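S.K.: Spelled out from the first residue to the last, the chains are:
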Amino acid sequence: MDKITNRLAALALAGAIGLTGVAAPAFAQNEQFIPILSYRTGAYAPNGIPFANGMSDYYRLINNRDGGINGVKIAFEECETGYATDKGVECYERLKAKGPTGAAFFNPLSTGITFALTEKAPIDKIPIITMGYGRSESRNGAVFTWNFPLLGTYWTAANIAMQHIAKEMGGFDKLKGKKIALVFHDSPYGKEPIPMLTEMSKAHGFELVLLPVTHPGVEQKSQWLQIRQQRPDYTLLWGWGVMNSTSVKEAAAVNYPRDKMVGVWWSGAEPDVLPAGDQSTGYKALMLQHGSGKFPVHADITKHALGKDGSQSKPDDIDDVLYNRGMVNAMLGVEAIRTAQKRFGNKPLTGEQIRWGLENLDLSAARIKELGFEGALKPLKISCGDHEGTRSGRVHQWTGKEWKVISDWYEGDDKLLVPMVRDTSAKYAEEKKITARDCSKES
Amino acid sequence: MFYREAGQFKTSYGRDMAVFPIAQDRIAIGLIVAIAFLAVPFMATEYFLSSIMVPTLILALAAIGLNILVGYCGQVSLGSGAFMAIGAYAAYNFAIRVPELPLLVTILLGGVVSAMVGIAFGIPSLRIKGFYLAVATLAAQFFFDWLFLRVGWFTNYTPSGSVNAPQLNVFGWIVNTPTEKYLFVLGVVCVLAVLAKNLVRGHVGRQWMAIRDMDIAAEIIGIRPMYAKLTAFAVSSFFVGVAGSLWAFVHLGSWEPLAFNIDRSFQLLFAVIIGGLGSIAGCFMGAAFMWILPIFLDIALPPLGELVGWKMDKATVSHFGFMIFGALIVFFLIVEPHGLARLWSIMKEKLRLWPFPY
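Residue numbers (the working numbering), protein chains in the order written: chain A, 43 to 485; chain B, 59 to 416.
What the hints contain is simulated information worked out from the structure, not anything from laboratory work. It should be emphasised that the depicted structure is a prediction, and the values quoted were computed from it without experimental measurement. Every residue, glycine too, gets a C-beta built ideally from N, C-alpha and C. Incorrect hints may have been included.
Far from chain B by the CB rule (all over 12 angstroms, computed), these chain A residues [claimed, not checked]:
| no. | residue |
| --- | --- |
| 1 | N72 |
| 2 | T83 |
| 3 | A94 |
| 4 | R136 |
| 5 | K138 |
| 6 | P142 |
| 7 | Y196 |
| 8 | A208 |
| 9 | S243 |
| 10 | A295 |
| 11 | L316 |
| 12 | A341 |
| 13 | T344 |
| 14 | K384 |
| 15 | E412 |
| 16 | E473 |
To spell it out: a stretch of chain B is covered by chain A in this simulated footprint if at least three of its residues, at any positions, have a beta carbon under 8 angstroms from a beta carbon of chain A; those stretches are [to be verified]:
| no. | segment |
| --- | --- |
| 17 | 120-132 |
| 18 | 186-197 |
| 19 | 210-219 |
| 20 | 259-268 |
| 21 | 364-374 |
To give an idea of the interface, some chain A residues facing chain B are shown, with a C-beta separation under 8 angstroms as derived from the structure [what the hints assert, rightly or not]:
| no. | residue |
| --- | --- |
| 22 | A139 |
| 23 | K291 |
| 24 | I476 |
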């Protein structure tokens, strides 16, 4: 009887949320709330599902193995954005005030949603973590106080991709007169690398061919026809969701060599190559440091998270690229909370306090090993002037069965990156009338 | 019993032609507006204001614009998303290129630019009708999607193609918090809704309706189709454009052309059809239906599922939400093809005969 009353109360509550927005779910006082913006439906679901699984499983692991972060349990909730900006903003508004201290941070997992939340974060004082995506100029923490494009931005990615192409061709001087095509998702996400590529094409004298693909990216015949006509020496792919696998298939259809294609790190996972079958053999993509495969933490995931508390992952999928990336993303957030706890105490923290934790995040090689991420991640240190932390990447290639790492580590070229970040963020600061923080005075 | 007009004598033409000739209606509307302005901001949560009320009000404004064209003038349009985009990008360009302009003027100028483009894209309506016109307006949708994606000038050459709204400064009042945004949007929407209501009651509106009901007959009795159709396009695009600039500046804050794609056009058209063609009040109901119902389903389905012992995951909730929403649209259209506004007026008719309605 009591149960039914509870359920009726829950139902009435849902009605109340819909009608008045008064949400008061029962959160224990000692819980840190972490929202997950995910997409398990729509054209981007093949990539959204493993990422969301990786993230939520890591939070389950922290709760079940360690009893939370220093005793503070993680409460997390997913909200389906469908990769749409307006849905993402609605999810943000719905989840930002949940839990005893509000949302710890947001991982928008969409560059469009990142742009929208960048305007809201300073008002609500909630940090935005955009690991490997988002606004490239937000690396400058002095202007973008609340944005954290950890591990790499698209400008870094474009730079690393060109470094790899130059290496394969035998040096940057060989790029002169060559043709590089960029097949990109026609959205802020796909357009982000263009300034860096334009800059590099001027410096090294190669021709850049821009081929936009409209959302959702299942229609690419004309773009690949152009590639067939122009025969670029290399083709960069900046796609997401079904667009990636479609590109690989279309490349095969026009007989464009797959080993001359280099995808960004969001176009280099299992869902991107498996649908194309054998046609994808030889396709290359950047790695956001980690690749596929298991590292020590997977043993704990299997033991403590799989099949528990509504985990939706299948045991065979937990070594996928995007599952791993979701886990790395969740881990960085958890470590930022841990860093903040050292200063503010082992209790649920506010977004503002966690922002401090993110800005002072310092993961040494020893700490990464301790966390079980050995081999997946290089040491990283965030500071006020550098919200990216590290700019390293590798390239892996699809052998038809698995992703194989084929390159050494590349470092993003700060000689190019620093002035671009400085100029673009200064323009943003001027437009929005933001006074940049003085990083020498931040502690 | 309470809703009866016995004893309310109209002693002048003015009173007979009032927007709300019945005293109870006037009181009810006055109460609703008073609650919206005075009570809601203090009672509602931030989430309710910023994610439910603000978008619903802006969509209602856009629906009013579209309703003028489709419901009052009978010209089907599938390009309302494009006209929202024109309003948004025009206002953005005014804001960054002429920063001295006050925000309100910028937003209205967005509407004016949209109105001018609307006239240009309304010209085909002089020759083509019905479905063919719908296809012609669809061209506007795709053309402007393309224009704002490809031509860098409109986005001030931002590298990613995504632009940010400037600070919202209404004559010194910085609109920042959800409550302030809600009040600002509510104010704009109220003023424009009153304007629209009076336009459709006036001689312009009667011309539109004459064209809608039978264009040849209208022409014979002396209504110029060109003037009537083009004013409808202009006024409609103005409202939609203002709604677009509000959507961009107040609701999103940062946007890309995808925010105004073909889905938005369909969303508005459905809002108008479900709310009721040729009704201003219906626009509010239709917009609320299109915006709030999916969110409500998203929030209410998991507890509903638990009631029968079924723990739904997020993907299932989302799929079921879609299905139920679609089914409800079909249901409402079968039960009342003339929209929610018609249901509402039937209810009022019955209320007048209460307690013995027939």
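S.K.: It remains to establish, for every hint, whether it holds in the given structure.
M.R.: Structure-based check of all given hints:
Taking the minimum C-beta to C-beta distance to chain B, about 24 angstroms, the non-interface status of A:N72 holds against the 12 angstroms cut. Against the 12 angstroms criterion, A:T83 falls within the reach of chain B, whose nearest CB is about 5 angstroms from its own CB. Not every C-beta of chain B lies more than 12 angstroms from that of A:A94, the closest at about 8 angstroms, which undercuts listing it as non-interface. Once the 12 angstroms rule is applied to beta carbons, A:R136 is inconsistent with being away from chain B; the minimum gap is 6 angstroms.
Non-interface status of A:K138 relative to chain B is broken: a Cβ of that chain comes within 12 angstroms, the nearest being about 8 angstroms off. For A:P142, the non-interface assignment is confirmed: its Cβ lies about 16 angstroms from the closest Cβ of chain B, beyond the 12 angstroms cut-off. A:Y196, annotated as away from the interface, has a beta carbon of chain B within 12 angstroms; the closest lies near 9 angstroms. With a minimum CB-CB distance of about 23 angstroms to chain B, A:A208 clears the 12 angstroms threshold, and the non-interface call stands.
With a least beta-carbon separation of about 15 angstroms from chain B, A:S243 lies farther than 12 angstroms from that chain, consistent with its non-interface assignment. Distance check for A:A295 against chain B: the nearest CB is about 25 angstroms away, which clears 12 angstroms, and the non-interface claim stands. Chain B leaves A:L316 outside its interface by the beta-carbon criterion, the shortest separation being 20 angstroms against a cut-off of 12 angstroms. For A:A341, the requirement that its beta carbon stay farther than 12 angstroms from each beta carbon of chain B is met, with the minimum near 26 angstroms.
Distance check for A:T344 against chain B: the nearest CB is about 21 angstroms away, which clears 12 angstroms, and the non-interface claim stands. With a minimum CB-CB distance of about 31 angstroms to chain B, A:K384 clears the 12 angstroms threshold, and the non-interface call stands. Remark: the non-interface label on A:E412 is consistent with the geometry, its nearest Cβ contact in chain B lying 32 angstroms away (cut-off 12 angstroms). Against the 12 angstroms criterion, A:E473 falls within the reach of chain B, whose nearest CB is about 7 angstroms from its own CB.
By the rule of at least three residues with a Cβ nearer than 8 angstroms to a Cβ of chain A, the coverage given for the segment 120-132 of chain B is violated, with 0 such residues. Check result for the segment 186-197 of chain B against chain A: violated, 0 residues qualifying (beta carbon to beta carbon below 8 angstroms, three or more required). Counting residues of the segment 210-219 of chain B whose C-beta sits closer than 8 angstroms to any C-beta of chain A gives 3, which meets the bar of three, so the coverage hint holds. Proximity of the segment 259-268 of chain B to chain A, defined as three or more residues with a beta carbon under 8 angstroms from a beta carbon of that chain, is not established by the 0 residues found.
With 6 residues having a beta carbon nearer than 8 angstroms to a beta carbon of chain A, the segment 364-374 of chain B meets the requirement of three or more and the stated coverage holds. Interface hint status for A:A139: upheld, as the beta-carbon distance to the closest one in chain B is roughly 7 angstroms, under 8 angstroms. With a cut of 8 angstroms, the hint placing A:K291 at the interface with chain B is violated, because the nearest CB-to-CB distance is about 24 angstroms. Interface restraint check for A:I476: the shortest CB-CB distance to chain B comes to about 10 angstroms, outside 8 angstroms, so the restraint is violated.
Hint compliance for this structure: hints 2, 3, 4, 5, 7, 16, 17, 18, 20, 23, 24 are broken, all remaining hints hold.
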